[in-house]
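**Student:** Sequence:
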Amino acid sequence: MASLLTDPLFEISGRGPPPNKNFYYFAVTKSDVIWRWWKISLRAVDRYSKPGELRESHQDFLDNTWLQSEVSMVFSRRMLLYTKALCEGHYDYLEHLSDSLLLRIINYLELEDVGQLGRTSRRFRQLCGSDEFWEQAVRRRCNTVSDEVASLALEVGWRCIFFTSKLQLQKLISRRRLRNEEQEEGQVSDPDKKEEESPDESSETSQTSSSEEESQPGIIPDLSLGTGTGTGFDSSSCCDVDLDPNPKPEAGSDSSEPVPDQFLDDIKHCEVETLAQSKTLSNGRGDCSTESDKTLS
Numbered sequence: 098m099a100s101l102l103t104d105p106l107f108e109i110s111g112r113g114p115p116p117n118k119n120f121y122y123f124a125v126t127k128s129d130v131i132w133r134w135w136k137i138s139l140r141a142v143d144r145y146s147k148p149g150e151l152r153e154s155h156q157d158f159l160d161n162t163w164l165q166s167e168v169s170m171v172f173s174r175r176m177l178l179y180t181k182a183l184c185e186g187h188y189d190y191l192e193h194l195s196d197s198l199l200l201r202i203i204n205y206l207e208l209e210d211v212g213q214l215g216r217t218s219r220r221f222r223q224l225c226g227s228d229e230f231w232e233q234a235v236r237r238r239c240n241t242v243s244d245e246v247a248s249l250a251l252e253v254g255w256r257c258i259f260f261t262s263k264l265q266l267q268k269l270i271s272r273r274r275l276r277n278e279e280q281e282e283g284q285v286s287d288p289d290k291k292e293e294e295s296p297d298e299s300s301e302t303s304q305t306s307s308s309e310e311e312s313q314p315g316i317i318p319d320l321s322l323g324t325g326t327g328t329g330f331d332s333s334s335c336c337d338v339d340l341d342p343n344p345k346p347e348a349g350s351d352s353s354e355p356v357p358d359q360f361l362d363d364i365k366h367c368e369v370e371t372l373a374q375s376k377t378l379s380n381g382r383g384d385c386s387t388e389s390d391k392t393l394s
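In our numbering, each residue carries its 1-based index in the sequence shown increased by 97.
Just so you know, the hints here were simulated from the structure itself, not pulled from any lab data.
Computed from a predicted model, the values in this text were never measured in an experiment.
A few of these clues could be false.
[Unchecked claim] Derived SDA-like pairs (lysine to any residue); straight-line CA-CA distance at most 20 angstroms:
#	residue 1	residue 2
1	118	170
2	118	149
3	118	128
4	268	251
Please put together the full structure from these sequences, using the hints given.
**Tutor:** Rendered as structure tokens:
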């Protein structure tokens, strides 16, 4: 058991009681006792004072009444009695054991004894109320613990699992299973809703753009010449005559037949009219019919 003891066996530090402002350190090792102090004062006499240290064996500490009175004044009489017991060889092995080892020991106690043990010290209260202890208690009393019970214990705690009846536990697991299924269905249905809403949004945007164009008749979108599709300006809408100044002869007609002068004049007139109307549309000013009348005049 002596191998379980750590060195130092006990140590504590702190400031003295008012009006004392000095700082003290007290430790009990396996072989001796250490007492250190740092003098803190605003007086010029104590400005250059150095820290002090007193090191004694266990037997010398038990015989030194002055040092015992200092320890009692700074750290209370309870600490003095505890350190004297350590110097006499009465070791507190439980305080030096690890938490995992203490939990294994506590699991062999009855629940009533566990409640009484949790009232003895702060450390045992934390151990007796920890999830590690109640998890070991559940696994020790149950043959098998399913994954659903373990996942439920992460939400409600192992102590709640221990004190819950089997029927109530089954209800909690079924409710949790239904809630998870509903969440999964909601996650699956969200992308489908987005896909259904996306075509509606595109149609709404197209309708909004068309309504804006109809509500503002004075503003004409950017139009370009040519016969392309879309909103481009079609030159064939103003004149059905081909704009090629040198038209190809139709099949079955005599290629040597001269082209009448009136036909060439019509072609030039139509070309001038088309260019003037396209400029008017690109600038977006005035009425198309007015500009064409001016061109014709």
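**Student:** For each hint, tell me whether it holds in the structure or not.
**Tutor:** Consistency of the hints with the structure:
1. Of the pairs offered as hints, the one joining residue 118 and residue 170 holds, with about 13 angstroms between alpha carbons and a cut-off of 20 angstroms not exceeded.
2. Distance hint between residue 118 and residue 149 is fulfilled; the C-alpha atoms sit about 15 angstroms from each other, no more than 20 angstroms.
3. Among the hinted pairs, residue 118 with residue 128 is inconsistent with the structure: their alpha-carbon atoms are about 30 angstroms apart, more than 20 angstroms.
4. A threshold of 20 angstroms between alpha carbons decides the hint, and for residue 268 with residue 251 the separation of about 17 angstroms falls inside it, so the pair holds.
Checked against the numbered hints given earlier, the structure breaks only hint 3 and satisfies all the rest.
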